[in-house]
Amino acid sequence: MAVRLALLGMGAVGRGIIQTVAEKDLGLVITAVADSRSGCIDPDGIDLKNLLDRKEKTGICGDVNISAETIARTAPYDILVEMTPTDAKNGEPATSYIRDALIRGCHVVTSNKGPVALHYHELSSLAKENNVHFRFEATVAGAIPILQTLMYNLGGNDILSLYGVLNGTCNYILTRMAEEGLTYKQALDEARTLGYAEADPTYDVKGIDAAIKLVILANTVWKKNICLDDVDVTGIDLLTEEALRLAEQQDATIRLIGEIIPGQNIYRLCPRIVPKDHPLVVQGSLNAIIVRTDLAGDLLFVGKGAGSKETASAVIGDILSIRDMDAGGN
Amino acid sequence: MKLELRDSPGQLVAALLPISDMGGNIKTVIHEHEHTPGQGVLSVEVVIEIPPELLDGLIARLRERGINVLRLGEERMSYRQSVILIGHLVHTDLGDTIDRIDQTGFAEVTYMSLAMPAINERTSAQFVIKSLTREHMQQALLILRQVAKQKEFLLIEPLEF
Chain F
1 MAVRLALLGM GAVGRGIIQT VAEKDLGLVI TAVADSRSGC IDPDGIDLKN LLDRKEKTGI
61 CGDVNISAET IARTAPYDIL VEMTPTDAKN GEPATSYIRD ALIRGCHVVT SNKGPVALHY
121 HELSSLAKEN NVHFRFEATV AGAIPILQTL MYNLGGNDIL SLYGVLNGTC NYILTRMAEE
181 GLTYKQALDE ARTLGYAEAD PTYDVKGIDA AIKLVILANT VWKKNICLDD VDVTGIDLLT
241 EEALRLAEQQ DATIRLIGEI IPGQNIYRLC PRIVPKDHPL VVQGSLNAII VRTDLAGDLL
301 FVGKGAGSKE TASAVIGDIL SIRDMDAGGN
Chain V
1 MKLELRDSPG QLVAALLPIS DMGGNIKTVI HEHEHTPGQG VLSVEVVIEI PPELLDGLIA
61 RLRERGINVL RLGEERMSYR QSVILIGHLV HTDLGDTIDR IDQTGFAEVT YMSLAMPAIN
121 ERTSAQFVIK SLTREHMQQA LLILRQVAKQ KEFLLIEPLE F
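For the record, the sequence lines run as chains F and V.
If you count the first sequence from 1, position 269 lands on 269 in this note's numbering, and the numbers rise without skipping.
If you count the second sequence from 1, position 54 lands on 54 in this note's numbering, and the numbers rise without skipping.
Excised from the complex, chain F in its bound form:
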């Protein structure tokens, strides 16, 4: 029997999921969808081509009387796929939708950093109590399956430290400043033009986005209980092109690096001088993570940290792994 999905959020990631479910035979059916203003429900499965056309033509996906809340609470589904925009301060309304689904005994997959960074321990206990899964691979480093790898595949290892390039926008800006000698402002404007940076880039360039990912990693992989204020955060917005040139003189460059050393309670995000041949010096909007473990040694992960298809890859990976675990009698 096909696994029934309810999707909340029809931004780039939501559309990426719908397209993938429509194109690939994954054994998935979408029974409910909500965007910020409307919703639609069909217990037999929504016609996805019609759905995408409707959204493009009218700007809404369905009936304005059907809300995301209604869908989370009452629509027929097995897995709630929550992809609404991140609210870093209180994680709402996403956290409420997730709670509603878990209490109903439905699994939840989210790409939303707010609820995981702020309420991971509560939501994970709630999932356990209701004998369902709560997954959030897409919240850190996009397409790179870092959370599953660290939480499960490296089980038995002590993960001693983690260093990572976790924000593609900042990495793009720093790459361009180093390569082309652009000023910070020029590189930022270029990133905006190419769609790598938001109109308001504060969240990225001040390091908040990457710092939230450190909070998620700390709380989920190491079961810490930290919040954004516990991370020592410095962004890239005050960097000068001269600083990049000074780094260049020593065959190095500058990258925004997140650092977790759980044994010393170090949670830090700041620009660092990194030798050019260091594995964390990746180009453009890529992400990269290095972890040091006691059994597996050092491991390096590189990949796309954002993008609709890449993020959809992480979300669908979570969905299919839940389905397969359930089939295994979990």
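These aren't lab readings, by the way, just hints derived from the structure by calculation.
Being a predicted model, the structure only gives us computed values, none of them experimental.
Careful, some of the hints might be misleading.
[Claimed, not checked] Listed below are the simulated DSBU-like cross-link pairs for lysine-lysine, each with C-alpha atoms no more than 35 Å apart in a straight line:
| hint | chain 1 | residue 1 | chain 2 | residue 2 |
| --- | --- | --- | --- | --- |
| 1 | F | Lys309 | F | Lys206 |
| 2 | F | Lys276 | F | Lys185 |
| 3 | V | Lys151 | F | Lys24 |
| 4 | F | Lys304 | F | Lys24 |
| 5 | F | Lys24 | F | Lys55 |
| 6 | F | Lys224 | V | Lys149 |
| 7 | V | Lys151 | F | Lys89 |
| 8 | F | Lys24 | F | Lys309 |
| 9 | F | Lys276 | V | Lys27 |
| 10 | V | Lys149 | F | Lys89 |
| 11 | F | Lys185 | V | Lys149 |
| 12 | F | Lys57 | F | Lys304 |
| 13 | F | Lys206 | V | Lys151 |
| 14 | F | Lys223 | F | Lys185 |
| 15 | F | Lys55 | F | Lys304 |
| 16 | F | Lys89 | F | Lys185 |
| 17 | V | Lys149 | F | Lys206 |
| 18 | V | Lys149 | F | Lys276 |
| 19 | F | Lys128 | F | Lys89 |
| 20 | F | Lys224 | F | Lys276 |
| 21 | F | Lys128 | F | Lys57 |
| 22 | F | Lys128 | F | Lys185 |
| 23 | F | Lys128 | F | Lys24 |
| 24 | V | Lys151 | F | Lys185 |
| 25 | F | Lys206 | F | Lys185 |
| 26 | F | Lys223 | F | Lys206 |
| 27 | F | Lys89 | F | Lys224 |
| 28 | V | Lys151 | F | Lys224 |
| 29 | F | Lys206 | F | Lys276 |
| 30 | F | Lys224 | F | Lys57 |
| 31 | F | Lys24 | F | Lys49 |
| 32 | F | Lys309 | F | Lys89 |
| 33 | F | Lys206 | F | Lys224 |
| 34 | F | Lys128 | F | Lys276 |
| 35 | F | Lys206 | F | Lys304 |
| 36 | V | Lys149 | F | Lys223 |
Go by the hints and put chain V onto chain F.
Same frame as chain F, now just chain V:
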């Protein structure tokens, strides 16, 4: 340091033991076959890291074991790191910023490169800091972090991994 010891089994270990016993770090051991004077005497060069105040004691202990210290080359501050500071460095007493490191006695600023694009714009500077040990370097960087906070500099530290 260059050591002269008897060419018989166990002598090299006898020479190296006091170094590690005193907490020294042996970085390399080079047998100098060509320069060996012969007649059952062996000349060996060892590169070690040891707190300077222990050096005299180490030489005495080696001599007690019949090992001759031929030559001693000392590099006091062997640990080197480079940082970048961005801010109004000159107008916030650059001399004081450097002194805060130099005054420690265990670390010093040995090189500086400044880029000052225009009056009233922020200066970017590269500092090379040398220290006695890795731990001293971390302490020096902590001091620099405090200075950066106080004088509103952006401090860019090296990534050590």
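Tested hints:
1. Lys309(F) to Lys206(F): Since the Cα atoms of lysine 309(F) and lysine 206(F) sit roughly 26 Å apart, the hinted pair holds (cutoff 35 Å).
2. Lys276(F) to Lys185(F): Roughly 23 Å between the alpha carbons, so the hint for lysine 276(F) and lysine 185(F) holds.
3. Lys151(V) to Lys24(F): Violated, at roughly 57 Å.
4. Lys304(F) to Lys24(F): At roughly 21 Å apart (the allowed maximum being 35 Å), lysine 24(F) and lysine 304(F) satisfy the hint.
5. Lys24(F) to Lys55(F): The given pair, whose Cα atoms are some 21 Å apart, holds under the 35 Å limit.
6. Lys224(F) to Lys149(V): holds (27 Å)
7. Lys151(V) to Lys89(F): OK: lysine 151(V) and lysine 89(F) at ~30 Å, within 35 Å.
8. Lys24(F) to Lys309(F): holds (13 Å)
9. Lys276(F) to Lys27(V): It holds: about 26 Å lies between the C-alpha atoms, which stays within 35 Å.
10. Lys149(V) to Lys89(F): holds (26 Å)
11. Lys185(F) to Lys149(V): holds (24 Å)
12. Lys57(F) to Lys304(F): holds (30 Å)
13. Lys206(F) to Lys151(V): holds (20 Å)
14. Lys223(F) to Lys185(F): violated (39 Å)
15. Lys55(F) to Lys304(F): holds (27 Å)
16. Lys89(F) to Lys185(F): holds (28 Å)
17. Lys149(V) to Lys206(F): holds (17 Å)
18. Lys149(V) to Lys276(F): holds (28 Å)
19. Lys128(F) to Lys89(F): Status holds; Cα separation ~25 Å.
20. Lys224(F) to Lys276(F): OK: lysine 224(F) and lysine 276(F) at ~33 Å, within 35 Å.
21. Lys128(F) to Lys57(F): At roughly 41 Å apart (the allowed maximum being 35 Å), lysine 57(F) and lysine 128(F) break the hint.
22. Lys128(F) to Lys185(F): violated (47 Å)
23. Lys128(F) to Lys24(F): The given pair, whose Cα atoms are some 31 Å apart, holds under the 35 Å limit.
24. Lys151(V) to Lys185(F): Roughly 24 Å between the alpha carbons, so the hint for lysine 151(V) and lysine 185(F) holds.
25. Lys206(F) to Lys185(F): Holds, at roughly 14 Å.
26. Lys223(F) to Lys206(F): With Cα atoms ~26 Å apart, lysine 223(F) and lysine 206(F) stay inside 35 Å; holds.
27. Lys89(F) to Lys224(F): Status holds; Cα separation ~19 Å.
28. Lys151(V) to Lys224(F): holds (33 Å)
29. Lys206(F) to Lys276(F): Between lysine 206(F) and lysine 276(F) the Cα gap is close to 23 Å, so the pair holds against 35 Å.
30. Lys224(F) to Lys57(F): violated (46 Å)
31. Lys24(F) to Lys49(F): Answer holds: lysine 24(F) to lysine 49(F) is near 13 Å, not above 35 Å.
32. Lys309(F) to Lys89(F): Holds - the C-alpha atoms of lysine 89(F) and lysine 309(F) are around 27 Å apart, at most 35 Å.
33. Lys206(F) to Lys224(F): Between lysine 206(F) and lysine 224(F) the Cα gap is close to 24 Å, so the pair holds against 35 Å.
34. Lys128(F) to Lys276(F): The hint is violated at about 45 Å.
35. Lys206(F) to Lys304(F): Holds, at about 20 Å.
36. Lys149(V) to Lys223(F): holds (31 Å)
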